[in-house]
Amino acid sequence: MKLTTVKKTGKGACEDGCGPECPCHANDHRLERKDRGEILLYDPIPTTIIKKERLGSRHTLLRVKAHADYAPGQFFQLTVLGYGEAPISIASASTEHVDFVINPVGLVTKEAVRKNVGDTLLLRGPYGYGYPMAEFVNKRLLLVGGGCGVAPLKGVLDFLALHRAEYRDVSCYFGYREPKESIFTRELAAWERQGVFSFTYAYSQPQAGFKGNVGFVTAYLEAAKPDPHDTIALVCGPTPMMLSVIKTLNALGFTDEQVWISHERHMKCATGMCGHCMIEGKYTCKDGPVFRWDWIKNAKG
Amino acid sequence: MGFLLPRRKLESFLRALAKRHTLIAPLQREGDGLATFETVKRPEDLARLDLERNPPFSAKKLFMPPYEHLFAYDMATQEVTDKKVEEKRRVVFGLRLCDLNAIKIQDALFLRRDFTDDQYRAAREETLLVGWYCNTPPSPNCFCESMELTNYYDVMVRELPDKDAVYLDVGSPAGIVLLEGLEGVKLVEHHEAVPRIATRKRLNTRDVRPVYDHPSWKKTAEERCLFCQRCTIVCPTCMCFDVYDKTSEDVRHGVRKRTWDSCLSKEFTRVAGNHYFRPERAARFKHRIYHKLAYYPEVFGTPMCTGCGRCISECPANIDWVELINEIEKERVGSGTNATSEKNTRNETITTSGTNARSVTGAERR
Ligand code: SF4
Ligand code: SF4
Ligand code: FES
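Note that the protein sequences, when read in sequence, are chains Y and R.
In terms of the numbering used here, the first sequence opens at residue 1 and continues consecutively.
In terms of the numbering used here, the second sequence opens at residue 302 and continues consecutively.
These aren't lab readings, by the way, just hints derived from the structure by calculation.
Mixed in with the good hints there might be a few duds.
[Claimed, not checked] Only pairs whose alpha carbons sit at most 20 Å apart, straight line, appear in this in silico PhoX-like list of lysine-lysine:
id, chain 1, residue 1, chain 2, residue 2
1, R, K385, R, K519
2, R, K389, R, K520
3, Y, K180, Y, K247
4, Y, K300, R, K385
5, R, K362, Y, K300
6, R, K384, R, K519
7, Y, K52, Y, K110
8, R, K547, Y, K300
9, R, K342, R, K362
10, Y, K110, R, K487
11, Y, K52, Y, K180
12, R, K310, R, K519
In this text, all values refer to a predicted model and were calculated from it rather than measured experimentally.
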């Protein structure tokens, strides 16, 4: 995994003379684009599932073997033939495989979690512009995730683990409704033990008698008072959660330019053509799904 | 550069084109006489040629059909087969300048540097565009004067009544090739301008961002619009699409298709878990217009509306959004001020703010 150098501008277009990291070369990075003959824009590529694991009470991890060239924050379009396509964020950082954390709430995802190791999973991507990790070098990072939103942040953590020396402290605040919904507990605990990253968890609706942190992550952020100086916050989760986290961060002295959020939208093409994912004139699929908060905060619908 | 042709020779010119190429032209269909873009199969079909009005259904179906096959699949083996990209070599005649610009707008979106839509490219690349110039606007709802139309065609056919001739303006190298050696057609080199025309209806401002919260939007959307989506279907620039799988009754084989979609529908923004991102009627109604006048121009530099007026002519609720904006604008500017000086100052402010950086009245440009 290399550090990408592309500067995210909030716009998709670019000038002549750009490099392969530029948004306008997005299609060059497509899964197996180079090794296969005629691949059309909307063709899903077959990959093989090499690992399947239950993650907490709600999620399923599917790992596919794929020599993909992706960045943290990007996503793939997952196809189940006969059911359709759904955008799924990436929960890993590797050139050998891709991890998906699937929450079976829709037609496609419900069908996808029925697949087993050895089965074919059809994908196209990666799409979207991920976090500009190169811009965050030598900064402190604050990762705030809620529920499913932890999955893409796990991709960021995997990436950071590969480039640990280039970044300063990484503190994570992850919130769930109940402890049993937590995902990647083993991996995160190992990092915690080795002192690679630090973690704080909060549970909003735990069972009676639970002894850990009860409440929303915002309360624990407020208590910990992370220093906003030279810090970038990556926030990912349901919209109301992200909004309250941003409010808390603003109160702690974070500017909107220091906060990155991640949007979910209905997506059909993932290439900025079908119009479904538009937020004002921005396309969640190609200009996002991660946005610097000041780029998108005033957008209407 | 261009050529002159006697007016009475126009039909033999089209016959010659039809002989050599697949020619598509606005023909009145048998039965109800509705003009649609249709293939000229026999020379006699040209008797049904309709150049009086612009067909209510635009030519966008030629480049993205309402239902399009992307590929076939087998659910049991998870195999994808029968991918369809058909190169369509043909000549489309009778496109008005607005519709030619609509194709320009779609080209900018589908033939981008980062991603190119293969199906659209195949349908578009080998198709030559021959325009039919409007000496007078064919519909009272035309307002192309307010839009930034450019000469985007291979050949434009313009009637010159005073010369009893038609002028064929060549817009591209392919256009020259198209006109070369047509059987029985003698062309005389000539030069004539292809100017913009004046329209009765005008859109007085495209700078709609400041009036997003004006109550008239909500009133029209909630009290009048039926959300029938007809306006998005007839619009030559509305290009949103949906992709879906259609499985046959053997529950094994199927086809992934794409179809036109409309941002006016509530379903348009639905995600798994039944969350809607644009549920309010007013927000949906505005999104269509704001995409055309504000969002698209901010990325691509030109508005995503060509002023063809179809959405107004075809609306069953008689909604005229151009009038709606003009009224909001009139209210905003206030009465009692000199209209022209108002317009000029407004243009300047628009230019400096960087959005819609061009003049609102199009007549003096190009
Ligand atoms: S055609 Fe008229 S009524 Fe139908 S959706 Fe468009 S504006 Fe509304
Ligand atoms: S919005 Fe209306 S006037 Fe503009 S291009 Fe579409 S149909 Fe024509
Ligand atoms: S998903 Fe089609 S435009 Fe973004």
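Here's how the hints hold up against the structure:
Proximity of K385(R) to K519(R) is assessed by CA-CA distance (about 43 Å); at most 20 Å being required, the pair is judged violated. Restraint check: the Cα-Cα separation between K389(R) and K520(R) comes to about 45 Å, which exceeds 20 Å; the hinted pair is violated. Proximity of K180(Y) to K247(Y) is assessed by CA-CA distance (about 28 Å); at most 20 Å being required, the pair is judged violated. Using a Cα cut-off of 20 Å, the hinted pair K300(Y) and K385(R) is violated, with the two alpha carbons roughly 38 Å apart.
Taking the CA atoms of K362(R) and K300(Y), the gap is near 31 Å; set against the 20 Å cutoff, the hint is violated. Note on K384(R) and K519(R): the hinted pairing is violated, with a Cα-Cα distance of about 44 Å set against a maximum of 20 Å. The straight-line distance between the Cα atoms of K52(Y) and K110(Y) is roughly 14 Å, inside the 20 Å bound, and the hint therefore holds. For the hint linking K547(R) to K300(Y), the alpha-carbon distance of about 34 Å lies beyond 20 Å, and the restraint is violated.
Of the supplied pair hints, the one linking K342(R) and K362(R) holds, its CA atoms being roughly 18 Å apart against a limit of 20 Å. Simply put, K110(Y) and K487(R) have alpha-carbon atoms about 66 Å apart, too far for the 20 Å limit, and the pair is violated. The suggested pairing of K52(Y) with K180(Y) holds, with an alpha-carbon distance near 18 Å, which does not exceed 20 Å. With a CA separation close to 53 Å, the supplied pair K310(R) and K519(R) exceeds the 20 Å bound.
Hints 1, 2, 3, 4, 5, 6, 8, 10 and 12, counting from the list given before, are not met by this structure.
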